[in-house]
Every structure is written in C-alpha cells, then in structure tokens.
Amino acid sequence: MRLHFPDGEIVEVAAGYSIRLGRDPQLCPAVTFLARRDNLSRVHAWVGVETDGSAWITDEDSTNGTFVRGYRLTPNEATPLRPGDTFRLAADVHVNVLP
20 MRLHFPDGEI
30 VEVAAGYSIR
40 LGRDPQLCPA
50 VTFLARRDNL
60 SRVHAWVGVE
70 TDGSAWITDE
80 DSTNGTFVRG
90 YRLTPNEATP
100 LRPGDTFRLA
110 ADVHVNVLP
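Those letters in the sequence shown? Residues 20 to 118, by this note's numbering.
It is worth saying that the hints were derived from the structure and are not from the lab. Computed from a predicted model, the values in this text were never measured in an experiment. Treat the hints loosely; a few may be bogus.
Here are the computed distance ranges between Cβ atoms for each label pair [said to hold, decoys possible]: (1) R21 - R88: 23 to 31 angstroms; (2) D71 - D111: 27 to 35 angstroms; (3) A110 - A33: 14 to 22 angstroms; (4) A34 - N58: 13 to 21 angstroms; (5) N58 - G35: 27 to 35 angstroms; (6) T93 - H113: 28 to 36 angstroms; (7) H23 - P48: 12 to 20 angstroms; (8) Q45 - D71: 26 to 34 angstroms; (9) H113 - R61: 27 to 35 angstroms; (10) N58 - H23: 14 to 22 angstroms.
In this text, a Cβ means the ideal position worked out from N, Cα and C, and glycines have one as well.
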C-alpha cells in the first residue's frame, strides 16, 4: 500500500509492516515531513498492512482526530483501509490510499 500525502510525498507500507503518523520525527521516522504540521499530535495515527494485504488505520487518541470516509475514528480501534480511500489527519492532512 502507498500513502499519497498533500505535498506530494508518497510513503510505502509493505505487507507485514506498520508505521506511525505524526509530527514527532523521532517517533514517526517514515513521515518526518509532517513535523511542521502543528495541528497533528506527536503520534497521531498508526497505519499497517497485514501479511494477507489487508490494511488498517488506528487513531492514537489524537487531539484533532483521524477521519476515514468522513467519520471520526474511535481512538485505538482499527478501521479497514482500501485502495481508493482517503483519510484525514486533523483538519487538513488528506491522505490518499494507493494500491
């Protein structure tokens, strides 16, 4: 799965792996470009892909929320992601899920 961020960055998450999304570059090394986003939590969300290819996202009890298909996620509860989905971190970080 690939994640396409607003400024054109693309981050790949391979099957069997997960990454943290947030503004703390030490805790979220795959997305250091998010460090300038003051409205994100230090660790905002967690995204992963299972070995069978199914993907998920979890809000890490962020202050400004994580949204999938227009709905705010319940903290610490995995929500499925599919290619073509868009999720939002806080008010303005829209991320496209690519195959």
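Checked hints:
Between R21 and R88 the beta carbon distance is about 19 angstroms. The supplied range of 23 to 31 angstroms is therefore violated. For D71 paired with D111, a C-beta distance near 33 angstroms keeps the hint of 27 to 35 angstroms intact. Distance hint check for A110 and A33: the Cβ-Cβ separation is about 29 angstroms, which falls outside the suggested range of 14 to 22 angstroms. Distance hint for A34 and N58: a CB-CB separation of about 31 angstroms, inconsistent with the stated range 13 to 21 angstroms.
For N58 and G35, the hinted distance range of 27 to 35 angstroms is satisfied, since their beta carbons lie about 31 angstroms from each other. At about 20 angstroms, the beta-carbon gap between T93 and H113 misses the expected band of 28 to 36 angstroms. Take H23 and P48: their Cβ atoms lie about 19 angstroms apart, and the range 12 to 20 angstroms holds. Checked against the given bound of 26 to 34 angstroms, the beta carbons of Q45 and D71, roughly 31 angstroms apart, stay inside it.
For H113 paired with R61, a C-beta distance near 20 angstroms fails the hint of 27 to 35 angstroms. Restraint check, N58 to H23: a C-beta distance of roughly 19 angstroms satisfies the suggested window 14 to 22 angstroms.
Going down the numbered hints, you'll see the structure goes against 1, 3, 4, 6 and 9, while the others check out.
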